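One line per chain: the protein sequences are A and B, in this order.
The numbering of the first sequence is this note's numbering, which starts it at 22 and goes up by one.
The numbering of the second sequence is this note's numbering, which starts it at 37 and goes up by one.
What the hints contain is simulated information worked out from the structure, not anything from laboratory work.
Please note that the accuracy of each hint is not assured.
No farther apart than 20 Å at their CA atoms in a straight line, the calculated lysine to aspartate or glutamate pairs in the EDC-like style are these [what the hints assert, rightly or not]:
1) Lys30/A x Asp67/B
2) Lys137/B x Glu83/A
3) Lys73/B x Asp129/A
4) Lys137/B x Asp80/A
5) Lys107/B x Glu51/B
6) Lys73/B x Asp59/A
7) Lys137/B x Glu36/A
Note that the structure is a prediction, hence the values are computed from the model and not measured.
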Amino acid sequence: DGGITQSPKYLFRKEGQNVTLSCEQNLNHDAMYWYRQDPGQGLRLIYYSQIVNDFQKGDIAEGYSVSREKKESFPLTVTSAQKNPTAFYLCASTPIGGLSNQPQHFGDGTRLSIL
Amino acid sequence: DQQVKQNSPSLSVQEGRISILNCDYTNSMFDYFLWYKKYPAEGPTFLISISSIKDKNEDGRFTVFLNKSAKHLSLHIVPSQPGDSAVYFCAAVNYGGATNKLIFGTGTLLAVQP
């Protein structure tokens, strides 16, 4: 059954710690994305990647880092530099990066909370 | 600056009636629009889309209308069902860049009352 798997579903972090959120897809999609959702706000793009070993900053990349060593994996690290990390994080993918009207498919998200 | 706006944070409708969710945008370069539905603690799921070359797209109970001159689109659900209760996000895409980067609205919570 193809899809996007985000783990864990809930994550707690102490202040000053880095934490990595997992995103894996078995859809053979080229492009992957990380969004953050805050109450009363839409989804905001953190980072995206169109091909392996390449990624670009989104609108709110500060305090985050990513890697794309494999096509199916796009982990997001929330660093201690991110001042307000508590949020719902969503990973998405599309079949083709670049010009495409393929809708993005989303995982079920990870809720990150600061202890 | 919010390029995609959903000015109604919530909407309540009776089962069987029509639900109309609205979305406004400011960037005339947007050329493709999507609606996503989201249940609590889950990721959004794609619902319906429309290209800027069209003014209407229909899929079952869901119809999206686009008014480019007004920079406005709306999602109509008829008849509404209790299972439609969710947050609906409008999103727009600008293919001027090298990726299908989505710009999302803030969402509208739809409650369909039985």
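Cross-check of the supplied hints:
1. The hinted pair formed by Lys30/A and Asp67/B fails the criterion: a straight-line CA distance of about 34 Å is larger than 20 Å.
2. For the given pair, Lys137/B sits about 18 Å from Glu83/A by alpha-carbon distance, which is consistent with the 20 Å threshold.
3. Straight-line distance between C-alpha atoms of Lys73/B and Asp129/A comes to about 12 Å, which keeps the hinted pair within the 20 Å bound.
4. Simply put, Lys137/B and Asp80/A have alpha-carbon atoms about 10 Å apart, close enough for the 20 Å limit, and the pair holds.
5. In summary, the hint linking Lys107/B to Glu51/B is not supported, as the alpha carbons are separated by about 29 Å, beyond the 20 Å threshold.
6. Using a Cα cut-off of 20 Å, the hinted pair Lys73/B and Asp59/A holds, with the two alpha carbons roughly 16 Å apart.
7. Distance restraint check for Lys137/B and Glu36/A: the Cα-Cα separation of roughly 31 Å exceeds the 20 Å cut-off, and the hinted pair is therefore not satisfied.
In the structure shown, a violation is registered for the earlier hints numbered 1, 5 and 7, in ascending order.
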